[in-house]
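So the sequence lines, in the order shown, correspond to chains A and B.
Numbering (this note's numbering) for the first sequence: 2 to 313.
Numbering (this note's numbering) for the second sequence: 39 to 455.
By construction, these hints were calculated from the structure, which means they are not laboratory data.
Here a beta-carbon is modelled for each residue, glycine too, at the ideal position from N, C-alpha and C.
Warning: the hint list may mix true and false statements.
[To be verified] Mimicking BS3-like on lysine-lysine, the simulated pairs with C-alpha atoms at most 27 Å apart in a straight line are:
id, chain 1, residue 1, chain 2, residue 2
1, B, Lys-139, B, Lys-177
2, B, Lys-68, B, Lys-57
3, A, Lys-52, B, Lys-318
4, A, Lys-224, B, Lys-318
5, B, Lys-318, B, Lys-268
6, B, Lys-142, B, Lys-419
[What the hints assert, rightly or not] Coverage of chain A stretches by chain B, computed from C-beta distances (three or more under 8 Å per stretch; other residues unrestricted):
id, region
7, 28-39
8, 222-232
9, 285-296
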Amino acid sequence: MAIPIYASPAERAWQYAYRVICAAIFIFLVAPILIIIPLSFNAEPYFTFTKEMLSFDPEGYSTRWYDSLLTLGMQAPENVRDASWWSDAWNNATWIKATKNSLIVGFWATILATVLGTLAALGLSRPEMPYRRVIMALLISPMIVPIIIIATGLFFFYSNPCGIAGFSCGRLTATYIGLIMAHATLGIPFVIITVTATLSGFDQSLIRASASLGANPRVTFFKVIMPLILPGVISGALFAFVTSFDEVVAVLFIAGPEQQTIPRQMWNGIREAISPAILAVATLLVIVSISLLATVELLRRRSERLRGVTPG
Amino acid sequence: MSEAMTAVPLTTSDGRPLKSALASAQLRAKRRAFFLVAPLLLFIIVTFILPIGQMLHRSVYHDGLSANAPSLKAWFAANPEGTVPDEAAYAALAADFKTMKVDKTAGIAGTRVNYTLPETRSLITATARNADDLAPPYKVALLAVDPKWGDPAVWQALRSASSAYTMDFYLISTDYERSPDGTIQRVPENTRIYVYLFVKTFILSALITVICLFIAFPVAHLLATLPMAKANLLMILVLLPFWTSLLVRTTSWIVLLQGQGVVNEALIALGMIGEDGRLKMMYNQAGTIIVMTHVLLPFMILPLYSVMKTIPPSYARAARSLGATSWTTFRRIYLPQTLPGIGAGALLVFILAVGYYITPALVGGADGQLISNFIDFHMDKSNWSLAAALSAMLLAGVLVLYWLYDRLVGIDNLKLG
Chain A
2 MAIPIYASPA ERAWQYAYRV ICAAIFIFLV APILIIIPLS FNAEPYFTFT
52 KEMLSFDPEG YSTRWYDSLL TLGMQAPENV RDASWWSDAW NNATWIKATK
102 NSLIVGFWAT ILATVLGTLA ALGLSRPEMP YRRVIMALLI SPMIVPIIII
152 ATGLFFFYSN PCGIAGFSCG RLTATYIGLI MAHATLGIPF VIITVTATLS
202 GFDQSLIRAS ASLGANPRVT FFKVIMPLIL PGVISGALFA FVTSFDEVVA
252 VLFIAGPEQQ TIPRQMWNGI REAISPAILA VATLLVIVSI SLLATVELLR
302 RRSERLRGVT PG
Chain B
39 MSEAMTAVPL TTSDGRPLKS ALASAQLRAK RRAFFLVAPL LLFIIVTFIL
89 PIGQMLHRSV YHDGLSANAP SLKAWFAANP EGTVPDEAAY AALAADFKTM
139 KVDKTAGIAG TRVNYTLPET RSLITATARN ADDLAPPYKV ALLAVDPKWG
189 DPAVWQALRS ASSAYTMDFY LISTDYERSP DGTIQRVPEN TRIYVYLFVK
239 TFILSALITV ICLFIAFPVA HLLATLPMAK ANLLMILVLL PFWTSLLVRT
289 TSWIVLLQGQ GVVNEALIAL GMIGEDGRLK MMYNQAGTII VMTHVLLPFM
339 ILPLYSVMKT IPPSYARAAR SLGATSWTTF RRIYLPQTLP GIGAGALLVF
389 ILAVGYYITP ALVGGADGQL ISNFIDFHMD KSNWSLAAAL SAMLLAGVLV
439 LYWLYDRLVG IDNLKLG
């Protein structure tokens, strides 16, 4: 982006203005996410910087909102913090319950989406695949169709899943299975996209080479295909996990009180009395997303190195 | 030589004709590829296609009256449209009211008729409450309960609602209604809401798409022209919001922009606005626009960037060396080459914006709500068929855009980060 030597003064001025504009846009992108981190340590129940905070007075900062994440919903939060206090927190604290639910649902939804999605991507990348374009469009559509439509459809369907066949067999609303299936559906497009992208650089003749050397299809899959597409599979899985971990609309429509996840709890917090405790949760989630982003970036570079593409 | 080749078809080593051996091998390969996709296809059909199909069915189907008023339905079937209701009709109606009272289904039946003719729900529930007192002659008895039972408009509505299949919900969601004589007309000016809502959603989405484009363009250009190491570093600033929870981003914007928020406090501290001049940037349309722009921006930057990276800088230099000004070079040489990226990003952002729910629900206030929020509103009020009709119309719009995206960009080119 060096300014060319033949640039006129006006062009030079524009180049500098352009950089300032870009800097402002980067600030617009990142500042809102970073600003909540210091605010989550506010000693007062306010959402702005207090005078004490601005003068870096330690009195202005505290971890009380992080503490409140633990104690909210506990039976005896005032007790001495011994083993029984911690077991109380582990079993009853609202946010800990929500975290457990998010992890359970996210984990199984990711497994389901990744296994089914990777198999399908392998099929879709074969040149012989019939109706490739239509099926691909169908499998990606959960990402495009508005979430409210999916959630509404699932709400009716789950209240009597066998109703279509004309009999009744219980319900899937307010169950873990139902929520896991919904989140897997939402995560599948991401797995398909990342794995087919990895497979597009995959040399199909390696499969024939492996077969000619005497490997059966199973050995070929685990020893030749899998190691090469693994980075794509893992980043697809991370996308699927984040999708589930961040999903609130399906939870609002089909989950019961036992399946409250972190986003559902945040939704409550934002809609009702918003307290700085929300900012503490948000800060923790930002840290989670930074580490996930770092993982995906490292995987992407590794994948490109393996495939002999220059990084970028 | 050539005669011999046409006379004797080529065979494989086991004696089969080569052509059929190839065909069966290709069929096998096809089947194998399909078997890999089949489990996921089945899963998607069960958790995605069936539920949405079932919901769309609901938008034309409501058996609230037809399931609970069998005698009346039979009378309508036996007598063509326009027949003046006779004593037999009133007897059928009275018989149905008696069963409705026992089964406690007058509410749902009334709700159904109410969609066709407003303010009839209370008529039906009130009459059902007095069903035990009804005695022959039924016409006189029913007219004594409420003279409205003599109104042809009510009977017209009953006839139309006695069929389980109806287009009424689509009429409502496009601001039309049935007049008493059965013709279709627009609802009065002051009660039209849905067309306005669709237009508003469309305009707001278009506005957000345009703002995103203007913000994304310089950044994507910078990322595409910087040296790789620097560009990768700055790319992280674009990807961080992409990976951050939507609710976290919405929370941050509430903290920044609300009345007592960081931006307002900072402006007051700087003396730019007074204590009573706090800017209203949250819980209104402005809030929806600002936050959705921030949320959808990466979806614009990424496709633009991947197109701009493939544009060789030598074209611009060639234009300059041939005497073009920098503005002409941009307009005639650079911009046309970025069009595929602009198309891809704009379509994607627009598709996502049209169906957005979470952000408008949390920061939109009263005037920043979109179609999705109204679907939710009607779900909440148990107006399920109306919610389904609105969903169907939204879905149709999104699918047209999706088809367009596939034609212009190709789903294979959808990239994430």
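Checked hints:
Of the pairs offered as hints, the one joining B/Lys-139 and B/Lys-177 holds, with about 19 Å between alpha carbons and a cut-off of 27 Å not exceeded. About 16 Å separates the Cα atoms of B/Lys-68 and B/Lys-57, which keeps this hinted pair within 27 Å; it holds. Only pairs whose Cα atoms come within 27 Å are accepted, and A/Lys-52 paired with B/Lys-318 is accepted, the gap being roughly 24 Å. Only pairs whose Cα atoms come within 27 Å are accepted, and A/Lys-224 paired with B/Lys-318 is rejected, the gap being roughly 60 Å.
Taken as a hint, the B/Lys-318 and B/Lys-268 pair is broken in the structure, with Cα atoms around 38 Å apart against an allowance of 27 Å. Annotation: proposed proximity of B/Lys-142 to B/Lys-419 holds, straight-line Cα distance about 20 Å (limit 27 Å). For the region 28-39 of chain A, the stated coverage by chain B is satisfied: 7 residues place a CB nearer than 8 Å to a CB of that chain, which reaches the threshold of 3. A stretch counts as covered by a chain when three or more of its residues have a beta carbon under 8 Å from one of that chain; for the region 222-232 of chain A and chain B the count is 0, and the coverage is violated.
Counting residues of the region 285-296 of chain A whose beta-carbon sits less than 8 Å from any beta-carbon of chain B gives 6, enough to reach three: the coverage restraint holds.
This entry does not satisfy hints 4, 5 and 8, going by the numbered hints stated previously.
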